[in-house]
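Engineer: Chain residues, written in single-letter form:
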Amino acid sequence: MKKIWDSYRYSILRRFVQIGLLVLYFGANAWGWTILEGNLSSSLIMGVVPMSDPYAALQMLFAGAVLATDLLIGVGVATLFYFLIGGRAFCSWVCPINMVTDFAAFVREKIGMNQLTGVKQPASRKLRYWILALSLVISAIMGVTAFEFISPISMVHRGIVFGMGFGWAAVVIIFLFDLFVLKNGWCGHICPLGGFYSLLGKFSLIRVQHLEENCTLCMKCKVVCPENQVLHMIGKESLQVLSGECTNCARCIEVCDDDALKFSIRSMAQNKKTGE
Amino acid sequence: MKKQALTDRRKFILNMARGFGLATMSGFIWSAYIDEATASSLMLRPPGALKENDFLKTCIKCGLCVEACPYDTLMLAKPGDNKPIGTPFFVPREMPCYMCPDIPCVPVCPTGALDESSLTTDGVLDINSADMGLAVVDEESCIAFWGIQCDACYRACPILGEAITIEYSKNERTGKHAFMKPIVHSDACTGCGMCERACVTEKPAIFILPRETAQGKAGNYYIKGWDKEDEKRLKDAKEIKTTTDLSKKSAMDSLNGSLEDLY
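For the record, the sequence lines run as chains Z and R. For reference, each letter of the first sequence is one residue, going 1 to 276 in the working numbering. For reference, each letter of the second sequence is one residue, going 1001 to 1263 in the working numbering.
Hints may contain errors.
What the simulated footprint calls covered on chain Z by chain R, stretch by stretch (three residues with Cβ under 8 Å from a Cβ of chain R suffice, anywhere in the stretch; the number is not a length) [unchecked claim]:
hint, region
1, 41-50
2, 56-66
3, 70-83
4, 142-148
5, 152-162
6, 167-179
Hints were generated in silico from the structure; no laboratory data involved. In this text, all values refer to a predicted model and were calculated from it rather than measured experimentally. Beta carbons are placed, not taken as given, at the ideal position from N, Cα and C, and that holds for glycine.
So that you can see chain Z by itself, here it is in the shape it has in the complex (with noise of 0.2 Å):
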């Protein structure tokens, strides 16, 4: 029970605070709780506190919308709030879709897909900062906020909270596409709100840690990480996760037997000695 805990802590926590999210914004369409009002496109914390998706402000700029000054204070909350916590921290503790194509990696290893399709994968990681870029190109000569009128995770959320349509349907594109068609095909190489998130993360304060010294190389943590490209210091160096594109989900630290992973705080020194 204890081991069960130990290499699921994390994950418990997330499931928790994923769904707690959802139950609350529920709750404040349904039976007019003030806790959490809103979706994730805009919220209004216990009734005061704004907060809103900075991605979708910055499509509303480049369509050509006027930034109402609450818009902006909640941009600024939500920006300062994951520039503390890590950027994609939003992805694997908040978004909904996570626990879909969570779920679609878990089957997808256990049936063993992985070696059917082999370790190459078809596709580059970078596409979603193509696709960010485009979202921005069709927004201003569309004039319409491209990416929110196809987003799936704002359909789900908003599905979840206001009623859901065929927005189930998008559920299950995503679950086949991660199943079938490309491993961590959607929060890792497609969803252009992960990549806004990732640059974004870039600067953020907490960061997985790796102590080299405490590595016996069992390799455990890179097969469980989605974003397995940010652990490229495992068992060479003693460093810190720096890349944006890991999103602090922590299943690296829960399945580490040797302590050698760990949450830490952003050290600039250490940079400095790496020349990162």
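Position chain R against the provided structure of chain Z, taking the given hints into account.
Structural biologist: Using the frame of chain Z, we list chain R on its own:
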């Protein structure tokens, strides 16, 4: 013929072309989808909504207006509704806007897609200045136009006597009864839809359409000569001369000319 390995230069150019091509391709597909997905115009927005084009770029689809509405009037468009996804709208026949004096749905909007200033007269919120749509009467199916007495829409109207009035006229068929016809006045109607909700016919004979759809436009060519205000438009009117093949010859000439042209 043996194929030669690609040079670095060629690889670079090919990769550039590939990236550009893929971006163009997906850009067109994405734009085409967006164009279709935002095309629906028969949608009634909450009070104070910006013009549809501006609304679509400004609304962040957070649903705070939906949560603020005490009557469950507002909904967010779901996938499958065939409306611009995630944006708020209402269907008056199901639940009209009850025109709350404090308009709770508007001040909560974080982006200004619902514009408080458009509903403010002399520093106070005024729901009567809302413009969500316009009521339209289908005279064929309205039983009041048949001669049956019904004033359900008139009674339901929150600004009765201004937005809807009853016009009395003689029923020639019976010779002794009156028609009591509901008439909508577009300057006062807010498009709240309480009339549509109240209408007794199977499918409502009075219904709300977006103003853009419901109204025509006379344009600048016609001036009400009997209206002093409207006449003023003539003052700074500019002459626009249309030159076509026909007007090369003046009308007189063509009428008085010989008939040769005709044969």
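Engineer: A separate judgement is required for each hint: does it hold in the structure or not?
Structural biologist: How the hints compare with the structure:
{"no.": "1", "hint": "41-50", "in the structure": "holds (count 5)"}
{"no.": "2", "hint": "56-66", "in the structure": "holds (count 7)"}
{"no.": "3", "hint": "70-83", "in the structure": "holds (count 3)"}
{"no.": "4", "hint": "142-148", "in the structure": "holds (count 6)"}
{"no.": "5", "hint": "152-162", "in the structure": "holds (count 6)"}
{"no.": "6", "hint": "167-179", "in the structure": "holds (count 3)"}
Checked against the numbered hints given earlier, the structure satisfies every one of them.
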